[in-house]
Amino acid sequence: MTTTTSARTIAPSSGPLARLRRAEPSSYIVYVGFVLIAVVMSIVLHDDGFLTRQNLINILLQTAPITVMAVGTVFVLSLGEIDLSIGAVVALSAIMAAVQLRDHGLVAGIVAGLATGLVVGVVNGLLVTKLRLPSFLVTLGMMGLCAGLSQRITRLQAVPSTDVAFNGLFGSGSLAGISTLILWSAVFVLLGHFVYRHTRLGAHVLAAGDNVRAARVSGIKVDRIKIGVLAVSGLSAAVAGLLYTGRLHGATYTLGSSDLLTVIAAVVIGGTRLFGGRGTVVGALIGSLILGMLNNGLILAGLSDSEQQVARGLIILVAVALTLREDKS
Amino acid sequence: MTDTVPALALTRIRKEFGGVVAIDEFSLTVRRGEVVALVGDNGAGKSTLIKIVSGIHQPTSGEVALDGEPVKLSDPSVARRLGVEVVHQDLAIADHQPVFMNMFLGRELVTGPFRRLDKKRMARETQALVDELDVRIPSARSTIRDLSGGQRQGVAISRATHWAKNLVLMDEPTAALGVAETAKVEELILRLRERNLAVLLVSHNLDQVMRLSDRVTVLRRGVQIGTRTTASTDKNVIVSMITGLQTADA
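Sequence order for the protein chains is A and B. Quick note, in the numbering used here, the first sequence goes up one by one and the last residue is 329. Quick note, in the numbering used here, the second sequence goes up one by one and the last residue is 250.
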């Protein structure tokens, strides 16, 4: 007790410099990777038009649904849960929206689409909290259920969306010269970031994902948070479904079928811990853009569909392996 | 110890689980500025008692009073509101969060119309507290994972100190610590006494109990064997009470 307190005064405890020094590599590696990949692709694919304004905007547009779902998934993973049903919810919400849109108009379409995602999310949450089932199994089952429903409702046919207002609102239109796809992503990222970093709810999600017992004895209503977060995850998948429907002017049961891995990869590459307690919404956005750029690059490089799939799988495996390596401790 | 009203008064507490009697009849007072140790072998009922006072279990019969007021601790948040803090054996600390977020876990400070977390103020208050208690950590913004076991326990005790208005329950606070870190935590516990808090300490370490406590109460298989003033008893007496060589006081 008589020794001096010099250890405390070596480094300033706040300020950007101290924060940078304290930061773990996994929290900024995604930004370094983003810049590196952007630079490399700008050089390698220069003649294929990677760096044109139109192509860069295309990347943003194509990644919008992924970004929206990634925001929801940051919360789910931070809580120590996982939602495998998002890809299937994309299709089911899109189809429900398109069918109601065709039969009952704009409002019914939007409500049906969003409600589908919300209901699936809440059911996931109730099964996880009330029956104490692992979210991995619950959402895996829900994935199959939703995929089956989607195929049954549509009889494997596409449901067109001819509603101009709907298509404009979700994906095809623009406001002040900015595509609604980009606006939707921006809303999700900004709102998600604020809630995640700057509210008690965000802090409670992190605490519950970090040490559920500590959260409980601190009076945090963990079950309520789990239901809420899984509901938001379902809702974000529904929004993604509406965005696909608006952009493609129709819904099919195949929408979103390859998105699950992409979303989780984007979130994990972005610096969110797969096992809860730590994460970042902005990082997830960057992760989503990285995957979008790579995807775009593969197309520009002239790879065939099957080659793209193989390359995409490899890229995701490598990226996730790199980002997860230091988290073993 | 001039307070006439004890911070904690347990009167004839009984707890049954199904038909099994976990605690037969237990009475104890803890005054402000006093460290009372609760000792007993495994399964004696110490944890059950701690859980009753922290609001996790409710007694089958008997009365719990805080500051002279009979209270019903229906869940842990009620106990916390009434100024009872617990330092759990396994710390109950979130590893990937900064120290200051743990300090304010479940009671975060917010500011402004959007109820934004007031991280600056939480970090500042945390820093002031750990400085005052001389818990040496690199910074209030350090992540718990980067701290040693003793530092983590220091954070847990600081948290209890910060929020406790009445009573701090300590469930084996040094069980997982090394010698030097244990000494450090023991100093912290004594500092709680200086701050005029009541401390109820559960410990297996009888030397520690003799060093820290003002009084010792002994449980054996749910029966309260007796309470002794630490200064006028010795370790062997306590051991014989724990092991059953000495039967219960009348």
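Source of the hints: derived by calculation from the structure; they are not laboratory data. As the structure is a computational prediction, the values presented were derived from the model and not from experiment. Some hints could be false.
Said to hold, decoys possible - Have a look at the derived ranges for each label pair, beta carbon to beta carbon:
(1) B/Arg-115 x A/Ala-321: 37 to 43 Å
(2) A/Phe-136 x B/Asp-131: 55 to 61 Å
(3) B/Lys-165 x A/Asp-223: 24 to 30 Å
(4) A/Lys-130 x B/Gly-18: 23 to 29 Å
(5) B/Asp-75 x A/Leu-51: 22 to 28 Å
(6) B/Arg-124 x A/Arg-224: 50 to 56 Å
Stated by the list, open to error - Over the 12 Å line for every Cβ pair with chain A, so calculated as not near, a few chain B residues:
(7) Val-21
(8) Gly-68
(9) Asp-75
(10) Pro-76
(11) Ala-92
Just so you know, even glycine gets a beta-carbon here, dropped at the ideal spot from N, CA and C.
Against the structure, the hints:
1. Distance hint check for B/Arg-115 and A/Ala-321: the Cβ-Cβ separation is about 39 Å, which falls inside the suggested range of 37 to 43 Å.
2. Roughly 44 Å separates the CB atoms of A/Phe-136 and B/Asp-131, a value that falls outside the hinted 55 to 61 Å.
3. Evaluation of the 24 to 30 Å hint for B/Lys-165 and A/Asp-223 yields a pass: the beta carbon distance comes to about 29 Å.
4. Checked against the given bound of 23 to 29 Å, the beta carbons of A/Lys-130 and B/Gly-18, roughly 24 Å apart, stay inside it.
5. Checked against the given bound of 22 to 28 Å, the beta carbons of B/Asp-75 and A/Leu-51, roughly 60 Å apart, lie outside it.
6. A beta carbon spacing of about 30 Å between B/Arg-124 and A/Arg-224 contradicts the range 50 to 56 Å that was offered as a hint.
7. For B/Val-21, the shortest C-beta to C-beta distance to chain A comes to about 26 Å, beyond the 12 Å cut-off, and the non-interface label holds.
8. The claim that B/Gly-68 lies off the interface holds: its Cβ sits roughly 25 Å from the closest Cβ of chain A, which is beyond the 12 Å cut-off.
9. The Cβ of B/Asp-75 sits about 9 Å from the closest Cβ of chain A, inside the 12 Å cut-off, so the non-interface label is violated.
10. Against the 12 Å criterion, B/Pro-76 falls within the reach of chain A, whose nearest CB is about 6 Å from its own CB.
11. A beta-carbon of chain A is positioned within 12 Å of the beta-carbon of B/Ala-92; the least distance is around 4 Å.
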